[in-house]
Each structure stands twice: as structure tokens, then as C-alpha cells.
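Residue-level listing of the chains:
Protein chains: 2
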Amino acid sequence: MSENQRHMAKKSDTEWYIPRGFSAAGLHCGIKASALDLALVVSAAPVSAAGVYTQNLVRAACIDWNRDQTPSDRIRAVVVNSGNANACTGERGFRDTLAMASAVAQGLSTADARVLPEQVLVLSTGVIGVQLPMEKVLSGIPRAIQQVTEARTGFADAANAIRTTDHHAKTASRRWEAGGQEYRIFGMCKGAGMIGPNMATMLAIVLSDWHMTSAEADMCLRHAADQSFNRISVEGHTSTNDCALLLAPRIPAAANIDHRSRDRDLYTFQQTLDEVFLELALQIPTDGEGATHLIEIRVAGTSSDDEADRIARTIALSNLVKTAVAGADPNWGRIVSAAGYAGVPFNPRDVGLSINGLSVFAHGEPASFDARVVSRSIADAHRTLIELEVGAGTGRAVHWTSDLTAAYVKLNAEYTT
Amino acid sequence: MSENQRHMAKKSDTEWYIPRGFSAAGLHCGIKASALDLALVVSAAPVSAAGVYTQNLVRAACIDWNRDQTPSDRIRAVVVNSGNANACTGERGFRDTLAMASAVAQGLSTADARVLPEQVLVLSTGVIGVQLPMEKVLSGIPRAIQQVTEARTGFADAANAIRTTDHHAKTASRRWEAGGQEYRIFGMCKGAGMIGPNMATMLAIVLSDWHMTSAEADMCLRHAADQSFNRISVEGHTSTNDCALLLAPRIPAAANIDHRSRDRDLYTFQQTLDEVFLELALQIPTDGEGATHLIEIRVAGTSSDDEADRIARTIALSNLVKTAVAGADPNWGRIVSAAGYAGVPFNPRDVGLSINGLSVFAHGEPASFDARVVSRSIADAHRTLIELEVGAGTGRAVHWTSDLTAAYVKLNAEYTT
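First to last, the protein sequences are chains A and B. According to our numbering, numbering within the first sequence proceeds without interruption in unit steps and concludes at 401. According to our numbering, numbering within the second sequence proceeds without interruption in unit steps and concludes at 401.
For the record, the hints were derived by calculation from the structure and aren't laboratory data. Check the hints yourself; a few may be wrong.
[To be verified] Now the in silico label distances, taken between C-beta atoms and shown as ranges:
{"hint": "1", "chain 1": "A", "residue 1": "343", "chain 2": "B", "residue 2": "130", "range": "41 to 49 Å"}
{"hint": "2", "chain 1": "B", "residue 1": "79", "chain 2": "A", "residue 2": "341", "range": "27 to 35 Å"}
{"hint": "3", "chain 1": "A", "residue 1": "207", "chain 2": "B", "residue 2": "48", "range": "39 to 47 Å"}
{"hint": "4", "chain 1": "A", "residue 1": "343", "chain 2": "B", "residue 2": "135", "range": "46 to 54 Å"}
{"hint": "5", "chain 1": "B", "residue 1": "57", "chain 2": "A", "residue 2": "206", "range": "42 to 50 Å"}
[Claimed, not checked] Chain B is nowhere near these chain A residues, computed Cβ spacing over 12 Å in every case:
{"hint": "6", "residue": "306"}
{"hint": "7", "residue": "387"}
{"hint": "8", "residue": "398"}
Using N, Cα and C, we set each Cβ at its ideal position, and we do this for glycine too.
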């Protein structure tokens, strides 16, 4: 039944399923020269909200702010600026984050209902170590509050306003039915590497109109992020600002909950959310700085999933593997040797490797294969599949990364100032 | 006294101090199209020998062979081929390594003294996953045995024959006096990245004529390697073939050892050996594939040296830091944020950073500095010094790496076959 429901979750490249109760805007406030640089998402009512954040010890002020506020069951808005990460900005950085939350809270407050700064989450992305031009940000916020709309245009503007070096806005959307009612998920994200001059980061904001508690939001978000944003890399440089947020309406106080059907519905929601997260996450290495290939690395045969994950990540971080894919070079020695220094025990004689389904190494010895055929299979597709077996264990993992091209180096060697 | 002796250790760019008792040759046996590809170092008498080897689980056959033979007090020769790593080559790879050792042993055996394969160390470097052309190697070995000479030319040919993509032969040499006698150290190494088409690796062979036990050789080698080859990286890809060897004559059975003066002499030897190792090691990232800068990363203020080392290595592995240096971009946010994900606790407010002696970040806030001056200091020198303080602890470490340029990517994206 839930499987049926799951398959009813529809994806469309052209349709966006905007969850009811949310509105959004994106505009130019002046941090960047001309592109959109301020986004606002508003919920008509307080909602459940959860966040997952960068593990970096050096964190932007807004990350500390959001960590203090989530999980929450009373969030009203998320405000985002691009073009400036507000990271490594000391005490003033914290004051500026608070000022952004306060300005949104004040603008949303009415005579009947006061909104507190604690009900506003704040995201910043862009260059590190430069103070925010607050007069521009604070003049943009009231305009954004005026402009928010439930129409698709508002969400499109918001998705554009969170971009830094992304080539295009990144969104994903699904809808499904439960109990005769249609529900929706809409997500936007940004990220293409952590690069100068705008030291970009990964941000994601995902909205739904399926009701849940803040604890459920937290649990579902962590599961979805673990399957997606925690399995991608561009160059493996953990940013100061990484953040993924999930917002969804609270369960009405009067709701009469049937726990059996709720478990089933929660399962459907989780599956659909996982799909949205994965679709968002894969857009990041696909659009990685200078990237020409999305590399999918599948590792199996370890004694645990965690061990497979460590091997997959080590391969994904190897510049030699990433440059080989860029050059359509079936240089499998680089892949096998990267696995060898992942710190996971295996017997090299049990190792088998295939590239795009073509076996290149088996039982610890070179397989006989036509290198030109493997090379062509890499050159002719935007996605390269690397499958490594290291034994007979049941552990498995997948990781996605982008290839490393001269264009990446050029983009990142450009002088910031 | 030992300090005085130490300062007598002389370095010369033109003079090579070849330890007595060793001879060497380098020649073309046909693995490569035309360059020298076979080196042989022979000791007239059995010597003490020690080795340090790659930590990679996927190891070349020769590495396993050498690990089994060292430490040893009866080594007679080291044979090296370049152009082929003999790694990931299965059972045949092991047989080929043994055949190389056997051929050298047979060639060195006389009617009076038989040399065993176990007295010969074997090194291979080059492309992974291709079987060695053994008829070429085995026809080259007798010629190398005939050609070995104590003259400088033999060592110069050997240093050239171990190169893969190195731009030049890498050597270092010292001499010093102890007890009225002159002693010498001569070392050669190769390495410029782990790169295709010849997947290069780091190899070093260091010879001395100062007498020692194999246990002393092992101890001195580990100390010297830890201060040098264990602190450099090009792109952080641990190879299948990394190896550093130390060979020095045994202590004569009749020797009457004064333990006090021996401790002092051992100290002098260690200091001199450390200098030779560091001079060899720094030539590798300086000659790193496509490199335009040697980056020296000094970290201080952690609670232990090990913590400082982890931060220094994390910064050294960041493509964003390496591309910034290539572009003379004083993008300090990349350095501070890399430190933040090294897994070492510190308070960002205690962090200070300088580039080439110019302060760019202090007490967790951007310092006021002229970015053009810092940029010019990077652009105008081949060496970039990054100094990071993360607190008041006494831990400190240094690591060296090369910058990351578009030329590195081009070299490594070229198709192998």
C-alpha cells in the first residue's frame, strides 16, 4: 500500500508542486553587482522545522543561530543572502545575523501576532571574511516581505537568489496522495564547489505541507540528508556554511491520529523526501565547478556499510581518479590504489573493479579489456559508474563526485580582490 | 662537540660525496622508449640495510619482498626499474620481483662467495597493472653488473634511471668528520606526484660509509623519514610503491666500541642524515606535477604535535588552498576553514594566520592588510609560507606540498594507452 502510494509520488521537470501555506520572494538588494542576492520564504503559520549543519569548527554566525533554534515547532520564515557568507566575521557577524532575523520578525509581526527573531532562520553564502553590507540587507528585507507570493514566480526568484556560482537554479518537487488528500514537497538548493571569488557552500531549503512534529521533521531530515547531501563532494573542502532545512506544518492540536495509518504515511513521506533530497543533491556535483562528469562510486563486499563508505569517499577525494575521468582515461590502478589507503582491511586478491559495467580488474589481476572501449564509454556520457568489490561481505555504499578539470583550477586560482 | 661536528657536515651543489664501498650504474634496458630505466647499486661487502614502505594495502610485489628482507645486515645490492610499477600484477608480479633479485644475486656471486636473492632489494616504479617485460629487464641486469662504478658517473646514471616524470635527477650529499676520519652520505630520490601515464611514486636510496648495526640503520631511517618524506605531499594519493632505503656498512666484528663517543657520533650521523632526507624530500613537491610553488605550512598552538600535524596535513590536501596559491590569491578563508574540518578542537577566536609573514587574520577576525601586497609576495617567490596559530598550546608541525595548477590536471587527464 505504501509502496503504491510511493509510486504515485510524481516528478515533473515542468510542474512545481508548491506546498500550501508557504510563500517566497527573491530580489536584488545590492550585495552582488546585479544578480538576485536576497531570498525569503515565509509560512503563514508557525511550522515544524529541523536543520542539519556543517561539521566545520569554523562556522558562519548564521549556522550557530540556526543550531540554537532547531528543531522548532514555531518557525515562520527563512531569510537567505548570497554573495557574502558572514563567516570569520567575529562578534559583528553574530550581531548582523541577529539583525537579519529581527528585521524579518518585525516585518511579519501584526497587531494580533508578534513574531520573534527566534522564529526566523538565517542563511548566508558567498565570500568568507567580509562584513555584510547591512544597510543593503536591511533595506531589502521589507521589500522581500512585501513581495512574497504563493505563486511559482516567488519560489523561482528565491531559488535564483540563493545561487553563487551555480550555473542554474536547483529545485526538485514531488506530490503524492494520502487519505484522499494531495500533499507536496518542494525543495531548492545551491552549491557548485567551495570556490572563490564567491566561496560557495551547499544550502538546501525543503518545504512540505504534510503535517508533522518537529521531532519527526528532525528524524526525516537526517535520514534524507544522510542518503544524499552527506554522500556528495566536489573537492571535499567542508564549508563554513553548509546547511539543509526542512519546514512542514505542525500537527493540529485537535488531530485524531490513527497510529497505524500514520506510520504508513510517514514511510511514504520519508521515501518521497529522500527522492527530493537525492535529486537536489546530485545537481551539485553535476554542476560542480568546471565539471564534465558526475562520477558515481559504488563499493561493496566490506564487512560493514561504514567501511564501504570510507572506501567510496577516499576514491571520491582522489585528484588522480577525478582527473582520469575528466580525461576519459580508464586508469583503474588509481582507483584500486585509492581503495588501498582508505584504512579499511581487505585482501587485494579479492578485488574486482568495473567502469561503466566493463570489468577492468578481477581477483587482484588485470582483466583483459579493450581500453579504447572503456575510454569511449567515459567520454560519451556525462555520468561515469565505478563499481568496486573488495570481498564477500555485505557492506555497501555509494558516493557521488564531480571530475577535476583544468577549468576547476582556473576558476579557483583567480584572484579574489 | 657533536654540534661542532654537525656544522662540519658540508653541502655542495657541485660536489658529490660518494660513500666508499658502493658502486652504481644506470642504463636503458627497454621498458621505456629511450630513457634510462634500470639502476643498480652494489656494495662490495654485505651492509646493514633498513627500509620504510608505503602504508597502502595495495602494494607492489617488490614492496612485500623488501619488507621481508629488512632490517638486514647482509644486503649486497639494490636494483631498480622505472617505467613499470609491477603493482596489481598478481602472482606473476611476485615471481618477476624474485627473478630480478635472483638475476642480480647470480651476477654478483663468485666462486668464493655466493650471493643469495635475499641479499638484493628490488624497487619498481611506473605504470600500475602492466606485467614487467622480463626479457628486457633480465638482459639489462648483467650489463648493469658489468657497468657499476665507484665514480660519480655511475651514481648520476642511477639517479637518472629511477626517474619517471621528474624533470631532473634528485640527489643530496654531505660529509663530516668523526675521530679523524671523513664519512659521507649520498642519497637519490624520485617523485613528482602519482601520475599517469607513468604512475610515479616516491623512491629514495640513501648510502653512507659510517658503520652501524641494522637496528641502528632502522632507527635512524625512521627518524629521518618521519621528519621529511612523511611530511610532504603532492596530491595526497598514497602510492603502491613508496619506499625509502638506507644502506651503511656493518660494525666490524673486531671493533672496540667506546659507547660514550659512539652516542655522540650517532647523534651527528642522525642530524646529517636528517638534513640529507629533508633536502631530498623537498625536491619532490618543488618538482610536483605542474607545480609553480612549494607551500610550507607551519601550524602551532595545539595541545600536541600530532594535532598540529593533522591540521597541517588537512590544509596541505585542500585543492582550494593549493589553487589559491597557484593564483597568488590571498584567500585566507580557505586556509582557516580547512583547519576547521581537521578534526582537532580549537576556538576560532584564538586563531591567527599569516602568509609570507604578513598577518591576514587575528583573534578570529579579518586583519587589515593590503591584499595586493600579500598577492605579490606569493607571485614573486617559488616558496609560500603559511603560518597558522590556533591557540596557546605547545604543539607544532610542518608540512610541505605543491600548488595545484591547470598543468597538473592536464598531465593527469591524459589518456594512458
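Here is what the structure says about each hint:
Roughly 44 Å separates the CB atoms of residue 343 (chain A) and residue 130 (chain B), a value that falls within the hinted 41 to 49 Å. Take residue 79 (chain B) and residue 341 (chain A): their Cβ atoms lie about 32 Å apart, and the range 27 to 35 Å holds. Restraint check, residue 207 (chain A) to residue 48 (chain B): a C-beta distance of roughly 44 Å satisfies the suggested window 39 to 47 Å. The beta-carbon spacing between residue 343 (chain A) and residue 135 (chain B), approximately 50 Å, falls within the hinted interval of 46 to 54 Å.
The hinted window of 42 to 50 Å between residue 57 (chain B) and residue 206 (chain A) is violated, with their beta carbons roughly 58 Å apart. For residue 306 (chain A), the condition that its CB be more than 12 Å from all CB atoms of chain B is violated, with the nearest at approximately 9 Å. Against the 12 Å criterion, residue 387 (chain A) falls within the reach of chain B, whose nearest CB is about 9 Å from its own CB. With a least beta-carbon separation of about 6 Å from chain B, residue 398 (chain A) fails to lie farther than 12 Å from that chain, contradicting its non-interface assignment.
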